[in-house]
Amino acid sequence: MAETHVIRLADVRKTYSNGDIEFQALRGVTLDINAGEYVAVIGPSGSGKSTLMNILGCLDVATSGRYEIGGEDVSQMDESQLAEIRGRRVGFVFQQFNLLASMPAWRNVELPLCYAGVGPAERKRRAIAALQDVGLGDKVNNRPGQLSGGQQQRVTIARALVTEPTLLLADEPTGNLDSSSAREILDIVDQVHRSGRTVVLITHDRDVAGRADRLIEVRDGRILEPNKAALAAAVER
Amino acid sequence: MSWTETIRTGLAAIRSHAMRSVLTIVGILIGIAAVILTVGLGLGTQKDVSESISSLGSNLLIVRPGSSTSLEGVRAGFGSLTSLTMDDAAALGSKTAAPDIAGVAPEASTAVSLENGDTNWTATVTGTTASWPEVRSRTLLQGEFFSEASAETAANVIVLGSETAQELFGTAWATGRSLTIDSVTYEVVGVLAERGSSDDTNLDDLAVVPMQTYFANISTSTASASVQTLYIQATSQDTLSAAYQEAETLLANLHGITDLDSADFSISSQDALVSTATAVYRTLTVLLVGIAAIALLVGGIGVMNIMLVSVTERTREIGLRKALGAKPGAIRRQFLVEATALGLVGGVLGVGLGITGALTLPNALGSSIVVSWPAAFGALAVAIGIGLVFGVYPATRAAKLAPVDALRDE
Chain A
116 MAETHVIRLA
126 DVRKTYSNGD
136 IEFQALRGVT
146 LDINAGEYVA
156 VIGPSGSGKS
166 TLMNILGCLD
176 VATSGRYEIG
186 GEDVSQMDES
196 QLAEIRGRRV
206 GFVFQQFNLL
216 ASMPAWRNVE
226 LPLCYAGVGP
236 AERKRRAIAA
246 LQDVGLGDKV
256 NNRPGQLSGG
266 QQQRVTIARA
276 LVTEPTLLLA
286 DEPTGNLDSS
296 SAREILDIVD
306 QVHRSGRTVV
316 LITHDRDVAG
326 RADRLIEVRD
336 GRILEPNKAA
346 LAAAVER
Chain B
9 MSWTETIRTG
19 LAAIRSHAMR
29 SVLTIVGILI
39 GIAAVILTVG
49 LGLGTQKDVS
59 ESISSLGSNL
69 LIVRPGSSTS
79 LEGVRAGFGS
89 LTSLTMDDAA
99 ALGSKTAAPD
109 IAGVAPEAST
119 AVSLENGDTN
129 WTATVTGTTA
139 SWPEVRSRTL
149 LQGEFFSEAS
159 AETAANVIVL
169 GSETAQELFG
179 TAWATGRSLT
189 IDSVTYEVVG
199 VLAERGSSDD
209 TNLDDLAVVP
219 MQTYFANIST
229 STASASVQTL
239 YIQATSQDTL
249 SAAYQEAETL
259 LANLHGITDL
269 DSADFSISSQ
279 DALVSTATAV
289 YRTLTVLLVG
299 IAAIALLVGG
309 IGVMNIMLVS
319 VTERTREIGL
329 RKALGAKPGA
339 IRRQFLVEAT
349 ALGLVGGVLG
359 VGLGITGALT
369 LPNALGSSIV
379 VSWPAAFGAL
389 AVAIGIGLVF
399 GVYPATRAAK
409 LAPVDALRDE
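As you go down the protein sequences, you meet chains A and B in turn.
FYI, the numbering for the first sequence is 116 to 352, going by the working numbering.
FYI, the numbering for the second sequence is 9 to 418, going by the working numbering.
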């Protein structure tokens, strides 16, 4: 692949307007992420971190600037095209898991494949394989309610990876978990990264962020100096 | 997402809030069943009324003596009750003078006692001509009706209604037997097929003899040759008004009447009765169907309501599906399928209930309900349509939800 940048953001701005009040959530973000990188985005709440994640995941579009994912410019895409990009390029892991309670694990995992137009037999095969990859080969028929928090988050990771996306986007994946489950999940994320996938992890927890190769700190809608040394210094203080 | 997937998801969603879905379905069901039953009741009543009116005979005009204006009181005595004669009947029966009249049956009747040995039975005996069965739409169960020849010769022959025959002769074959009226012996030549009762007359308890025989032996009237009623059958439905004109003109001429307002006879048409009754019941049916349609509309609003609740409740799920690659169209289809399924299930159950009601209720109500298949299928289509139409707005709302906002929803 000639394009080594999985993600390219060029002067991305996002302004929310509510009547007369305008709020600039992102004030010109320029950022490249290479294929296979493990990036942690940190920042306090209200820093624009969530907005950045939404734009990276194509859940929202920038007010101005240019965003390319896997070489495709999504800045001008409509809702339908964005949905297609999300389905193909991005795997989401949410803090709230967002599993459908009425469906067994494998049905939850195959859901993105349904929207991608994959046939039923192929879907089931791939869903079960993805669950095996996260160590849940024996829980494929369990409903989310019958699984622990850590197991539910593993189902979410399986669901995120089943489409073999360009980018794994994890938003506070350990926010709702106890520390041992959290470690388990982060180990799986490490493993995903080692297998060559690009990972962007959003967190406010610097210990969690410490596992990444590269740190990006967001503050007031801008990116601060992105280096691990700066972070280490910040942790020291 | 394939259609089977979409349908499976929609049905799963309906199951996941079973109670609400059942209530919504009941709303549709009641509307559809009401439409089928009211249309059926309207059609059934219409059919009952036309049947009871046409039991008199078809394409019939009825001539009675007496002025048509006598009800105003002014001419109460003007038209004599003996103004119609057999000559009138013969004239109306003429093909050249009245080409649109197929047959004429004059009638004069009185109640007398019929005797078979020790058995006696009082029935209405009617004098008429050989064209009576044709004009009054009667068929024979046994034997045959008396011929024109025996009518002319005033033969002592008699045709019995099925009930009269039963009373006099029991289950035995009545044709060929004889009975006496006032010591005069009559030969039974035929028995009429059963007809049932119209509103106030028993059409199966009667006896029919040739008019001349009636005048000679049975009539108690002093005006011995007068006819009480003339039944005129037009050649077809279309010539009924022509036949009416011909009958009116001919009778006016024969009776020397120049001003039809002072005629000593009146002509009524049973078709006029039928069409009046039909119009009344049609209005009634429209009214009932209108009410049923409102019930159906309320059912439709129920579908919209449940779908809006469903969309609101599942905002997060919609957001998730969008994040996983669902296009707006896929979300819209999912909710439309869900709404349509509610309509379809309600519709099918409603048609089932309506038809069951149409088959069982007549026993309890004593009035017929006609199952109108166009109405049933129409109602079913309407039910599905209601699901679809009232589902569009909620589905579109779901499809338009921004994934970010939907995911953030608590």
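Do not take every clue at face value.
Chain B stretches covered by chain A per the calculated footprint, using a threshold of three residues with CB under 8 Å from any CB of chain A [what the hints assert, rightly or not]:
#, segment
1, 182-193
2, 358-366
Some but not every residue of chain A turned toward chain B, in silico, with C-beta under 8 Å [unchecked claim]:
#, residue
3, 131
4, 138
5, 190
6, 191
7, 201
8, 202
9, 210
10, 219
11, 230
12, 256
Label-pair restraints from in silico Cβ distances [unchecked claim]:
#, chain 1, residue 1, chain 2, residue 2, range
13, A, 250, B, 25, 43 to 51 Å
14, A, 291, B, 299, 22 to 30 Å
15, A, 151, B, 25, 42 to 50 Å
16, A, 279, B, 404, 27 to 35 Å
17, A, 250, B, 11, 50 to 58 Å
Calculated directly from the structure, the hints in this document are not laboratory data.
Bear in mind that the values here come from a model prediction, so they are computed numbers and not experimental data.
The beta carbon of each residue, even a glycine, is placed where N, CA and C say it ideally should be.
How the hints compare with the structure:
no., hint, result
1, 182-193, "violated (count 0)"
2, 358-366, "violated (count 0)"
3, 131, "11 Å, violated"
4, 138, "15 Å, violated"
5, 190, "16 Å, violated"
6, 191, "17 Å, violated"
7, 201, "5 Å, holds"
8, 202, "2 Å, holds"
9, 210, "11 Å, violated"
10, 219, "12 Å, violated"
11, 230, "4 Å, holds"
12, 256, "16 Å, violated"
13, A/250 / B/25: 43 to 51 Å, "34 Å, violated"
14, A/291 / B/299: 22 to 30 Å, "55 Å, violated"
15, A/151 / B/25: 42 to 50 Å, "45 Å, holds"
16, A/279 / B/404: 27 to 35 Å, "33 Å, holds"
17, A/250 / B/11: 50 to 58 Å, "35 Å, violated"
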